[in-house]
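Protein chains in written order, with this note's numbering: chain A, 247 to 361; chain B, 21 to 132.
There may be inaccurate statements among the hints.
[Said to hold, decoys possible] No more than 20 Å apart at the CA atoms, straight line, and that leaves these computed lysine to aspartate or glutamate pairs for DMTMM-like:
id	chain 1	residue 1	chain 2	residue 2
1	B	76	B	89
2	B	72	B	89
3	A	257	A	331
4	B	80	A	349
5	B	76	A	314
6	A	263	A	331
7	A	303	A	314
8	B	80	B	62
9	B	72	B	83
10	A	257	B	62
11	B	72	A	314
12	B	97	B	28
[Said to hold, decoys possible] On the chain B side, residues computed to face chain A include the following (Cβ under 7 Å):
id	residue
13	50
14	54
15	63
16	64
17	70
18	73
19	87
20	91
21	97
22	102
23	113
24	117
25	123
26	127
Since the hints were made in silico from the structure, they are not lab data. From the three backbone atoms N, C-alpha and C, an ideal C-beta is built for every residue, glycine too.
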Amino acid sequence: GAGVSQSPSNKVTEKGKDVELRCDPISGHTALYWYRQSLGQGLEFLIYFQGNSAPDKSGLPSDRFSAERTGGSVSTLTIQRTQQEDSAVYLCASRPGTPNTGELFFGEGSRLTVL
Amino acid sequence: GNSVTQMEGPVTLSEEAFLTINCTYTATGYPSLFWYVQYPGEGLQLLLKATKADDKGSNKGFEATYRKETTSFHLEKGSVQVSDSAVYFCALLNQAGTALIFGKGTTLSVSS
Numbered sequence: 247g248a249g250v251s252q253s254p255s256n257k258v259t260e261k262g263k264d265v266e267l268r269c270d271p272i273s274g275h276t277a278l279y280w281y282r283q284s285l286g287q288g289l290e291f292l293i294y295f296q297g298n299s300a301p302d303k304s305g306l307p308s309d310r311f312s313a314e315r316t317g318g319s320v321s322t323l324t325i326q327r328t329q330q331e332d333s334a335v336y337l338c339a340s341r342p343g344t345p346n347t348g349e350l351f352f353g354e355g356s357r358l359t360v361l
Numbered sequence: 021g022n023s024v025t026q027m028e029g030p031v032t033l034s035e036e037a038f039l040t041i042n043c044t045y046t047a048t049g050y051p052s053l054f055w056y057v058q059y060p061g062e063g064l065q066l067l068l069k070a071t072k073a074d075d076k077g078s079n080k081g082f083e084a085t086y087r088k089e090t091t092s093f094h095l096e097k098g099s100v101q102v103s104d105s106a107v108y109f110c111a112l113l114n115q116a117g118t119a120l121i122f123g124k125g126t127t128l129s130v131s132s
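Kindly produce the complete structure, drawing on both the sequences and the hints.
And the structure:
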């Protein structure tokens, strides 16, 4: 497809389980972002990938969160030992390379519910 | 550090009413400023932007002017429509030019 694709669209898991969320960016976009959207908290930056550079992980809330981007395309966000406070919508976005105009192209998100 | 503060919602208006959603920011220097919109069931999309002081961004009847004196970027529309019902996010581009910093979002509900 032409847009950013995320899967699964909905995920319900039990506290303590690990989850993986996938993002397939727009073809040719070298920059990829993960954000978290929580009720009342807005959009929280998690991690940023740009080409082959080391990712900016400054937004990851704890060491239970990690992300990788294989081959400069698909990205996976992994949450280990999920907690109830991890419940949120996880958004992926991509954009072409430099310069950064600030226009990000977002997917529809993966809604995570931790019971 | 960088931050964006926008008015709390929800904002409830009748069709054809005037809309203002306030947004102020804290940042080093003069970052590019943005409004994004999230329609029900859709991903966020860029609505408008301004890259320097006194610039006015506009799109779909919405406008916002970059005011460095008041560090603000308020969103306005003269006559809202039911189809404008959505969540609106104000954002700035961080100094490194790498990530967008978003406000918490304002929900707009327009009734006919």
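Are residue 80 (chain B) and residue 62 (chain B) close enough, with their CA atoms no more than 20 Å apart?
holds, 17 Å
Given the hint that residue 97 (chain B) pairs with residue 28 (chain B), does the C-alpha gap stay at or below 20 Å?
Roughly 18 Å between the alpha carbons, so the hint for residue 97 (chain B) and residue 28 (chain B) holds.
Next item in the hint list is residue 97 (chain B). Is there a CB on chain A closer than 7 Å to its CB?
violated, 21 Å
CA of residue 80 (chain B) to CA of residue 349 (chain A), is that 20 Å or under?
holds, 17 Å
For the pair supplied as a hint, residue 257 (chain A) and residue 331 (chain A), confirm whether the alpha-carbon distance does not exceed 20 Å.
holds, 14 Å
Holds or violated: residue 72 (chain B) to residue 83 (chain B), with C-alpha atoms at most 20 Å apart
holds, 15 Å
Have a go at the residue 64 (chain B) hint: is there a Cβ in chain A nearer than 7 Å to its own Cβ?
Status holds, d = 4 Å.
Taking the least C-beta to C-beta distance, is residue 87 (chain B) closer than 7 Å to chain A?
Hint on residue 87 (chain B): violated, closest Cβ of chain A at ~18 Å, above 7 Å.
Would you check whether residue 91 (chain B) satisfies its interface hint, that is, whether its CB is within less than 7 Å of any CB in chain A?
The hint is violated - residue 91 (chain B) has no Cβ within 7 Å of chain A, the shortest such distance being about 17 Å.
Holds or violated: residue 263 (chain A) and residue 331 (chain A), Cα atoms, limit 20 Å.
holds, 13 Å
Under the criterion of a CB-CB separation shorter than 7 Å, is residue 63 (chain B) in contact with chain A as hinted?
holds, 4 Å
Given residue 117 (chain B) as an interface hint, is the shortest Cβ-Cβ distance to chain A below 7 Å?
holds, 5 Å
Of the numbered hints stated above, those contradicted by the structure are hints 5, 11, 13, 17, 18, 19, 20, 21, 22 and 26, listed in ascending order.
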